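Chemist: Here's the letter readout for the chains.
There are 2 protein chains.
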Amino acid sequence: MAELPEALAGQLQALLGPRFSTARGDLDQHAHSESFHRAPAPDAVLFPETAEEIAQILPACAAAGVPVVPWGTGTSLEGHALATQGGVSLDLSRMNRVLEVRAGDMQVDVQPGVTREALNRELRATGLFFPVDPGADASLGGMASTRASGTTAVRYGTMRENVLALEVVLADGRIIQTGTRAAKSSAGYDLTGLFVGSEGTLGVITRLTLRLHGQPEEVAAAVCGFDDLEAAVECVTATIQSGIPMARIEFVDAATARAFNLHSGASLPETPHLMVEFHGSPGAVREDAARFGEIATEFGATGFDWAASPEDRARLWRMRHGAYHAAFALRPGAAGVVTDVCVPMSQLPEAVAAAARDIAEAGMIGPIVGHVGDGNFHSLLLVDPASEAELTAAKAIARRMAERALEVGGTISGEHGIGTGKRGLMAAQHGDAWQVMGAIKAALDPCGILNPGKLVPDRN
Amino acid sequence: MAELPEALAGQLQALLGPRFSTARGDLDQHAHSESFHRAPAPDAVLFPETAEEIAQILPACAAAGVPVVPWGTGTSLEGHALATQGGVSLDLSRMNRVLEVRAGDMQVDVQPGVTREALNRELRATGLFFPVDPGADASLGGMASTRASGTTAVRYGTMRENVLALEVVLADGRIIQTGTRAAKSSAGYDLTGLFVGSEGTLGVITRLTLRLHGQPEEVAAAVCGFDDLEAAVECVTATIQSGIPMARIEFVDAATARAFNLHSGASLPETPHLMVEFHGSPGAVREDAARFGEIATEFGATGFDWAASPEDRARLWRMRHGAYHAAFALRPGAAGVVTDVCVPMSQLPEAVAAAARDIAEAGMIGPIVGHVGDGNFHSLLLVDPASEAELTAAKAIARRMAERALEVGGTISGEHGIGTGKRGLMAAQHGDAWQVMGAIKAALDPCGILNPGKLVPDRN
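Residue numbers (UniProt numbering), protein chains in the order written: chain E, 1 to 460; chain W, 1 to 460.
Derived by calculation from the structure, the hints in this document are not laboratory data. Given the structure is predicted, the values throughout are model-derived calculations rather than measurements. Don't take every hint at face value.
[Said to hold, decoys possible] Just a sample of chain E residues kept apart from chain W, beta carbon distances all over 10 Å, derived: (1) His32; (2) Val154; (3) Ala182; (4) Asp358; (5) Ala439.
[Stated by the list, open to error] Simulated restraints on C-beta separations: (6) Thr297/E x Gln215/W: 21 to 31 Å; (7) Ala442/E x Asp458/W: 49 to 59 Å; (8) Ala290/E x Ala290/W: 48 to 58 Å; (9) Ala428/E x Ala329/W: 36 to 46 Å; (10) Arg357/W x Phe304/E: 55 to 65 Å; (11) Gly303/W x Arg291/E: 51 to 61 Å; (12) Thr297/W x Arg286/E: 48 to 58 Å; (13) Phe304/W x Ala314/E: 34 to 44 Å.
Glycine included, every Cβ here is placed at the ideal spot set by N, Cα and C.
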């Protein structure tokens, strides 16, 4: 373990008292997140409670040249929250208050450590909900920082569409407000949009104003099976092109169905499936579900199973969200390399089929799931953690998937972000625009202390 | 008229031939736009045809310290396209090709000089349309640059939501690509979102990838009257809060109804009105229209007039879009000061009522219209162009309206942008965040040649 400069450590301890920690347990807890990425433990963990504290921490660290790495719940998948260059982990979990629900404006102000499930519990009585749903019970600050999305983005958008305004502490300690409470604004650069997805490299988010949505009057969900992967994915493309306002349309392949059977007590045919949900008035839900049923039947869908009760639906989506963990049942003890490409809708069938071919040809176990209504899909390549060869092979498959996505105008990351894991692909995706990101980073964080080594190019 | 440095003029003439113009007619045509803002004519007008030409023009101008002011159709309302500090007007009207329609992806690539009406004519046979509709037949590059919206934003979003990717020429001549053709991406800073709304201060947009939408199966539109302004606006708030997916919900006040009667051959009762439109399946449109009818009736709506045919609807919206010009019928020969605040939905009734009170107390003619489903409304304060006192009084009312919007968490501009007209209010809205915009500007345009004097603070 490196050590913080003594003067800085003293300054932080004076500011935070026992919320400045170098206890082994705290350091270790902030040394890994939910993926194969590993990093040394941070030199200290800070647990700030206010923006004003953070506004003192950042300039102090900048003066000492010490990295600051924001931490939400540690559920990110690309190593975003790891202190790869040492420094302090800025754990925002104590900033976990829902500050103000403005039901009439369908908005809420939250601190960054509030998780999406905690927020929705708090909203239950209002008739409103926050839709963005990446599966993990992530913090809303973390979700904004990675521009998270998930199963409902096809209907409600990603964090890009659902964050209206932010309070952000800059590296120099200024506390700024971005955005407004109005539904739209043409008053200058979209700084809210710039901080959303910036992965803690431009500032620390200390408050978020989020858009809420009315709980749908009627909800219907179903799962149905297909003979093969192509039929299932082509059904998705046809459904989206038909304009049916799907609330969710999720693909799971045959291997994932098997994982659900092994791990989640399901009894699905071990073939590809779609899981769908409809939101709206009773009439609209009936109409939409019927139109989807017609399209799916054209593509040979069978075994339609409607989740009628809220409990059945909760069970269905819990199973879907558990796909990541369930997949390990296919190879107990394995480590996982997750991919996250997103392609234009017309390119989706070929992109998924090509990924499946690559995985099969490599003899690898790599179940595929996807938020396919957005053209986004993941494979979880299961490798022996002791085998460098397998890890290398998995990374080669992941890289090929990303290259194929770029060839058809897609993106290397639909929702997981860049962190350290995808940084090697940024130049391929963005060309000179990656250097522009670096220039913006340098303008806002001239000392380079905010989550260094992530997302942007290294400083020349 | 200032003159360009001789070497630069020669360089540009060699590059562009007759598309480099210092003809009086060209200069004068680029010296004013659709508002009271005036500026000297530019020193030259350039008519580039390719991004590569622009990539030569910008570094040449940067080396000579000569401002470059992009020009679309000249329909902006805050002086964005005026060469207030001299330099060249970069007229993009020759870059007016629809490059590729990808119907299966519901996307189109266009050059920046394509206007929204031209695009929609080209799309007619595809079953798709581009929804953003600011009224004027503006260029899509200009609409992106001011983050334009208009009557349909309540349903389809603004340019922020409908621009997927851009090609941009930077001040140093690099041509970058931002965004992708995928529906979403978490791969780094949202540069597309940064350039949208940046008013030509960060780069010149040379290609746009736009999201398209399916032409609705069924459309219904109506106009209805209310006893007073409060009832009409409270009806809007109740409608939006009820979750009815309005395709349009527009407010016009009694003075505007009178202007329509005088100028557009309407025969409306001279009271406040709402104009609404519903898009969807036949069943959904029926349901939505019925629910809106119930709410409107609660607020005392009368004289429901349904525009059944496409021609009737076209007439209705042509009338609404003509409000700006029709208003001058209330005071022939007047000049207009346009306001553009946007407030949270719950604050809309009081914001509109307060604006109406201020206008009445000043004894001014100032009709109010609004894209009220977003909380956005405009007044057009009609002043004697020869009277400094009237202009001063109008500006004071506009300023008070903006201050009131800021007091309730709103914005000084919902859709028109900042240009020179609203720049004096930026510090009040953004505080230190305005300086952050300036830092980004300095990072991307270090010589400060791109549309100087607009949007961002002056360089220290």
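Chemist: Run every hint past the structure and note whether it holds.
Modeler: Here's how the hints hold up against the structure:
1. His32: Holds: least Cβ distance 21 Å, greater than 10 Å.
2. Val154: violated, 8 Å
3. Ala182: violated, 4 Å
4. Asp358: Holds, because the least Cβ-Cβ distance between Asp358/E and chain W comes to about 20 Å, which exceeds 10 Å.
5. Ala439: At roughly 5 Å from the nearest Cβ of chain W, Ala439/E sits no farther out than 10 Å, so the non-interface label is violated.
6. Thr297/E x Gln215/W: 21 to 31 Å: Cβ of Thr297/E to Cβ of Gln215/W: about 25 Å, so the range 21 to 31 Å holds.
7. Ala442/E x Asp458/W: 49 to 59 Å: Once the Cβ atoms are compared, 22 Å apart, the range 49 to 59 Å for Asp458/W and Ala442/E is violated.
8. Ala290/E x Ala290/W: 48 to 58 Å: violated, 21 Å
9. Ala428/E x Ala329/W: 36 to 46 Å: violated, 58 Å
10. Arg357/W x Phe304/E: 55 to 65 Å: holds, 59 Å
11. Gly303/W x Arg291/E: 51 to 61 Å: violated, 36 Å
12. Thr297/W x Arg286/E: 48 to 58 Å: Given range 48 to 58 Å: violated, Cβ gap about 26 Å.
13. Phe304/W x Ala314/E: 34 to 44 Å: Holds - the Cβ-Cβ distance for Phe304/W and Ala314/E, about 43 Å, lies within 34 to 44 Å.
Checked against the numbered hints given earlier, the structure breaks hints 2, 3, 5, 7, 8, 9, 11 and 12 and satisfies all the rest.
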